[in-house]
Amino acid sequence: MNSKQAKQILVDNLWFNNPIFIQILGICSTLAVTNLLSNTVIMTLGVTFATAFSSWTVSLLKNLIPRRVRMIVQVLIMSFYVIILDILLKAYLPEISKSLGPYVGLIITNCILMGRAEGFAQGNPPAAAFWDGLTSGLGYMWVLLTVAFFREFLGFGTLMGYPVAPKGFVPWTIMVMAPSAFFMVGTLLWISKNIMAAREKAKGGKA
Amino acid sequence: MNRDSVFYTIIFTFIVTFAFVLPLTLAEQGTSEMVAKNTETARRKAVLTAMDIPFTGDAEAASLFQGVTAREKDGEVLYTYDKGGKTVAAKEFFGMGLWGTINGILAVNGDVTSTVGLQIIGHNETPGLGGRIDDASFKNQFRGEALKDGKLKIRSGAEAGGGPVDPGDGVVDGITGATRTTQAMEVIVNREIGDIKKLLGASR
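One line per chain: the protein sequences are A and B, in this order.
If you count by our numbering, then the first sequence holds residues 1 to 207, one letter each, in order.
If you count by our numbering, then the second sequence holds residues 1 to 204, one letter each, in order.
Fair warning: there could be bad hints in the mix.
Straight-line Cα separation of at most 30 Å, DSS-like style, residue types lysine-lysine; simulated pairs [as the list claims (entries may be wrong)]: (1) B:83 / B:139; (2) B:148 / A:98; (3) B:148 / B:37; (4) B:45 / A:98; (5) A:98 / B:86; (6) A:4 / A:167; (7) B:37 / B:153; (8) B:153 / B:198; (9) B:45 / B:86; (10) B:151 / B:198; (11) B:73 / B:197; (12) B:139 / A:167; (13) B:86 / B:151; (14) A:98 / B:37; (15) B:148 / B:86.
No lab work stands behind these hints, which were simulated from the structure alone.
The structure presented is a predicted model; accordingly, all values stated were derived computationally and were not measured.
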């Protein structure tokens, strides 16, 4: 992997091929965790860690894995990293483990992990797969943090639990509920596609 | 060797599963004592906080917990603490919430006429909605809330919202948008009050 490829992977995962608003993966957790910024931060860190390491491991073992059990082995590898994370949090950071509750276990079912393992790690060397997993996690992270920022601010009038809204602010209960994440993701999708289309047009115009 | 042969597939699956599950088992075993200790510390801190006994740090909590008497009867543990001549009683509860078990500590005064405090140890309620039973704004309402006819009412549904109400009327505010969790808490708290009363009566 040279620096040009690395940059390409980074840009793709953060923007042109973003797991949330282009690949539409990992939407379940986007709906569930984004009503509080603090939960979102920990969840996205967990996903980033798990995606990077599971992609790296899948890539290391790719020539050994029999094709017919490929996906089962991938899920096994993902579960390994997620459960290790869960065990370590429970032992060393019990407070964070408590506030995350069942979310950590749910990382296993996050489609981004499987998507990257199948779509990238299976056909690329370990270092590139690790970088791809890491940047996919970051692409997921920035979109979820954006959604969570608006949902927590409008839904509770707080940010990271600190009250920031002006006095007399009436919280929007809909922002606390899962459907509002659909509206938020839809809006982000619309904005990003528009920016991409405008750039494409500008490029086309010059050429 | 043919990577797609049945024999290779079976051997590979066996080895790879063993290789990944063994470290997990070791990690789980290695940390189980620590996890148990963390759980116990969290439970003791919850008992102290529910009883309104202030502490800073784990060490102070551990020494203060020495002053709490624990009595067991029919598998139920009743904690009592002598707070300047006044008895405070507390008990751990497990009750059914909307999604799963709600587990925590409820503390009441010696003659069971008012609540002293509520702490939530674990729950699986909807984050941001029912999960807010673990918010200070909800729990603080149980600090010295007088009971009415030995019962406590938690406002739910359209009645909920509007913030804490008079601590003397036996009514606390529920959570807007979490009617079922609020109703579950009302059932749990009242059953718990009855249980503590029974245990206190039996020990006299």
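Evaluation of the provided hints:
1. B:83 / B:139: holds, 21 Å
2. B:148 / A:98: violated, 34 Å
3. B:148 / B:37: violated, 38 Å
4. B:45 / A:98: holds, 14 Å
5. A:98 / B:86: Violated, at about 33 Å.
6. A:4 / A:167: Violated. Residue 4 of chain A to residue 167 of chain A sits at ~50 Å, over the 30 Å cutoff.
7. B:37 / B:153: violated, 35 Å
8. B:153 / B:198: holds, 20 Å
9. B:45 / B:86: Status holds; Cα separation ~20 Å.
10. B:151 / B:198: holds, 14 Å
11. B:73 / B:197: Since the Cα atoms of residue 73 of chain B and residue 197 of chain B sit roughly 13 Å apart, the hinted pair holds (cutoff 30 Å).
12. B:139 / A:167: holds, 23 Å
13. B:86 / B:151: Status holds; Cα separation ~21 Å.
14. A:98 / B:37: holds, 15 Å
15. B:148 / B:86: The hint holds at about 20 Å.
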